[in-house]
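S.K.: Produce the complete structure using the sequences and hints provided.
2 protein chains.
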Amino acid sequence: MSTPYTAPLREMSFALKELGGLDAVLAQSDGSELSADLVEPILEEAGRFASEVLAPLNAPGDREGCRWQDGAVRTPEGFAAAYASFCETGWHGMPAEVELGGQGMPTLLSTAVLEMWKSANHAFSLCQMLTLGAVEAIRRHATPELQARYLPAMVAGRWTGTMNITEPQAGSDLSAIRSRAVPEGEHYRITGTKIFITWGEHDLAENIVHLVLARLPDAPPGVKGLSLFLCPKVLVNADGSLGARNDLVCASIEHKLGIHACSTAVMAFGEQGGATGWLVGAPHEGLACMFTMMNHARLNVGLEGLALSERAYQQARAYALDRVQGRGVGLGPDGPRTIIGHPDVRRMLMAMKSRVEAMRGLAYYTAGRMDRAHGHPDAAQRAEAQALVDLLTPIVKAWCTEQAQGITALGVQVHGGMGFIEETGAAQHQRDARITTIYEGTTGIQANDLLNRKLVRDGGATLGRLLREVQDEARGLAGHGDATLRAIGDALLRAAASLEAATAHLLVRHAATPRESFAGAVPYLMLCGTVLGGWLLARGAEAAVTQLASGSGDTDFLAAKRSTAWHYAMNVLPEAAGLGEIVCHGAASVLALDDAQF
Amino acid sequence: MSTPYTAPLREMSFALKELGGLDAVLAQSDGSELSADLVEPILEEAGRFASEVLAPLNAPGDREGCRWQDGAVRTPEGFAAAYASFCETGWHGMPAEVELGGQGMPTLLSTAVLEMWKSANHAFSLCQMLTLGAVEAIRRHATPELQARYLPAMVAGRWTGTMNITEPQAGSDLSAIRSRAVPEGEHYRITGTKIFITWGEHDLAENIVHLVLARLPDAPPGVKGLSLFLCPKVLVNADGSLGARNDLVCASIEHKLGIHACSTAVMAFGEQGGATGWLVGAPHEGLACMFTMMNHARLNVGLEGLALSERAYQQARAYALDRVQGRGVGLGPDGPRTIIGHPDVRRMLMAMKSRVEAMRGLAYYTAGRMDRAHGHPDAAQRAEAQALVDLLTPIVKAWCTEQAQGITALGVQVHGGMGFIEETGAAQHQRDARITTIYEGTTGIQANDLLNRKLVRDGGATLGRLLREVQDEARGLAGHGDATLRAIGDALLRAAASLEAATAHLLVRHAATPRESFAGAVPYLMLCGTVLGGWLLARGAEAAVTQLASGSGDTDFLAAKRSTAWHYAMNVLPEAAGLGEIVCHGAASVLALDDAQF
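Chains A and B supply the protein sequences, listed in that same order. Just so we're aligned: 397 in the numbering used here is position 397 of the first sequence, and the numbers increase by one with no gaps anywhere. Just so we're aligned: 738 in the numbering used here is position 140 of the second sequence, and the numbers increase by one with no gaps anywhere.
FYI, nobody ran anything at the bench for these hints, they're computed from the structure. Accuracy of the hints is not assured; some may be wrong.
[Said to hold, decoys possible] Beyond 12 Å from chain A on every Cβ pair, some chain B residues (computed):
(1) Pro-639
(2) Ser-649
(3) Val-651
(4) Pro-654
(5) Gln-667
(6) Glu-695
(7) Val-696
(8) Asp-801
(9) Arg-813
(10) Gly-838
(11) Thr-1144
(12) Ser-1148
[What the hints assert, rightly or not] Interface residues of chain A toward chain B, partial, derived using beta-carbon atoms under 7 Å:
(13) Gly-171
(14) Val-329
(15) Arg-346
(16) Gln-405
(17) Gly-416
(18) Phe-518
(19) Ile-582
Note that the Cβ used here is the ideal one computed from N, Cα and C, for glycine as well.
M.R.: Written out as structure tokens, the structure is:
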């Protein structure tokens, strides 16, 4: 049994326009021919591909998984054909620049399209994500020769890309990386073992381009001694044709909780003397080059949290509308007999729906600011937008993925006992989502990044600007003519006050008691996400009320926008006060025990 | 790789004495020979069996799972031998009455022992739980002849028991049950299909005694037309020897997210004309008979939430103390390099530890009240204790199992990428825990029971008495000489005020707007659990401070008790205010959408 997926086009269009700032993004478009009337057809086409080609492979791919034999990995049935079609139709290279063979689509629009791939088939979608991340790192940091030799095939999807960072002793702590690179003429000999390499080996493409963090012989210790190398699985001749196999091999793949259809490889470099690699970027600056990939990947992983939650919501909604199991309390004899009539089932569905929309709001808002940071004609606007993107990146990554844990679990819960049976498909979404709070930097790493590099480093300036915007809008709503919007505005004001207090607390105390402020970093990040998600839902509700008043648009849909924001304001924003208290008063007790007392 | 488990004997003894009221339970002991100085040896012996026999089979059992072939089920390697040893050593029958061949242990003490089985091997432990539940139903409701024929072998574990309730169309809604029973002489012919039958078929014992809900020909519709029948897998001769196979078969077993080592069977009754069954209890009163099993099972499933959380905590703690991965911020060059030095890792471990202890407090407190309800010499005390147990049963069941979702997920998170790899074992605890919020009545069912039957029905009298006790103790702590206890008392007073307000709201509004109050039932149950868990931790902290002041006991352990309660007060109790707001103000928006707007 494979559960269907339908791209939520109406929701996406609304979020693109009202929260992502699509019109402004299209208006600043720099010579690319994308006109506004192409947006809907692109989304519809992508939705069709996601529903018809990728989604049906999701459950079978989970069941079959990848299989390793003698260094080769066989992907589940149907994946190779789907991948070939994905590349042929141009979806693979779509987000990449036009000069590289892509379609130069704004990040905002490609974010909506990527959401679809991730909802339809998370495991499949990771291959494109990794490849385009590698494309970005090569485009920015590699020599023109390397770019010319590798990028066209990678953008087209004929060759895929990977990030080789983690080693058995070096996970979150990259300073412990031991892989070595020794110069030999124009290239290097790479040796070492890398683990957790997503799509590190497979049968979808004829070559795999590994980007590998390793140390040169004269490298200083720590993260400042890491350099980045390009190591193809198959060496590439000067004319672009494929040559001999490189000295690297997939030693095994992991048996994982989820994303079974993508290989998570242990890669052994240089067992025959050294894999041939080329330096990308300057020596000892590998970490900065890698972060080019990483920051983009972090936003995309946040998007996975949204996408898996959306898929879980669709499945739970379909089950609740179909499953007959007693009439809900307080419904008359003619009331529906499906479980959506039960107040607690509605509670679960509303919790899923309103959080999904809040996540989509935050992800698309951030994507829209990325376009502004790249393409706005005014430099000051670009800089301000970039600061905002930097601030929001860890929040989108960690908040959306943590939300996804609870939402996909609710998806199982709505199914009752059937949710625990693997054939139902609900459990897969929860298993697949489990990795998203871990890879590309755990939730704890994101929270440290938010606190240390994004909040404290600029003295709270960027967060303060954003918070004032939230508070101004909340005050406006609190005085609105619509009673529901007033209730939303009041709730948002209270939640924003908690964020303001927690922020002030951390800024004052961080220097003196850094261990305490880091102990409160994750609750602080969750507080930021909770408030910002509520703000964007409130913004959407106000737009919906305006459209309702003007008599335009789909009345049911717009009224639901208002109700959903109201739900979030009354059922999610109340968590903000508690989170604020935890940040301000909870940390000392977190650190109260000795190691031996645990 | 199989992860070790060590029974937390010091924690258990503390909770038994200070929160479960062990001394009072032993003092009221009615003729059974259990003396206080046997308690520790029993716990130690049980702990050894759990660690040495059951825990090592947990991960291999998960990997191998149960296998079905031609109606028979083969359990994983080692399970049959462990089960035989479990029965021979008397652990199987230990909680049962002495006159049945058990050891008549107080529920409080057997609760601690059952916690160990569940921590060590959740799947294995379910077999004993189901069997003893069936024993209880037969002992209370079946004829003396049936009791004599079945109980001795069941208490000894030579035969196991099951509950056959669910059918494909009848999950939470038992009124939809269709299985039929037709009288034939002194027995009945049973036909129908039952699903989700835990340990419904296996190779551990020579017979399986199924208790089956079915309808007599003259049964009224709905739940008042259900009768309970005893249907053995193998018919039992008058002399107690085994006869022919009954007309019932395991048609298949489910492929589940977790508890792979126990079979979850589809049972087909009467495919050859009708399984032979005997009526248990009066006709049409099967539901009441079944609830005898169910209420006990609900407390035991709550205990599973605690037990799996404890196991996950032990594993995460061991990893955090062992894994070297960068030195924690603010630690000097001589500080530990293991990840427990990182504030965020400590945050996760403290969140696990303090919630585990709160859950243990609530579970043991309830178990102690069960003993009082059964054995207190004063009838009024017995009645009051029983009312408390009835109130607390859905809270223990649903709150502990919902807590377990987050705690076992944190267990994975502490492991970083390794947590997602199945060999690590952390993911199994999360997968196994996933069923606990579903079976024996979902969280939503428990919340409805709490609201409707336990709160509203007595006008809030029982909850009110308990809440006043909480508030009195909190006020006492708020004026204590110990500053940490004062902080705990203040936090508990605030949280209790939220519970008081939410309770008043529901009592006032339930009759007029039942759909709204049911929409707030789960948040209300979580609020109850949060406050009561904090209360019992606070009570433990006060006892620890008293012992510290007297100079008795283990200083480090007692100081940790205070710190852990403080952590909960500062990091978990702040959630209460938000939950209270959601109960009082959130429900209308939960119900705001039409079905079509989802």
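S.K.: Next, verify each hint and record whether it holds.
M.R.: We went through each hint and held it up to the structure:
| no. | hint | result |
| --- | --- | --- |
| 1 | Pro-639 | 26 Å, holds |
| 2 | Ser-649 | 19 Å, holds |
| 3 | Val-651 | 26 Å, holds |
| 4 | Pro-654 | 20 Å, holds |
| 5 | Gln-667 | 19 Å, holds |
| 6 | Glu-695 | 32 Å, holds |
| 7 | Val-696 | 36 Å, holds |
| 8 | Asp-801 | 23 Å, holds |
| 9 | Arg-813 | 17 Å, holds |
| 10 | Gly-838 | 35 Å, holds |
| 11 | Thr-1144 | 19 Å, holds |
| 12 | Ser-1148 | 20 Å, holds |
| 13 | Gly-171 | 5 Å, holds |
| 14 | Val-329 | 5 Å, holds |
| 15 | Arg-346 | 6 Å, holds |
| 16 | Gln-405 | 6 Å, holds |
| 17 | Gly-416 | 5 Å, holds |
| 18 | Phe-518 | 4 Å, holds |
| 19 | Ile-582 | 5 Å, holds |
Checked against the numbered hints above, the structure violates none of them.
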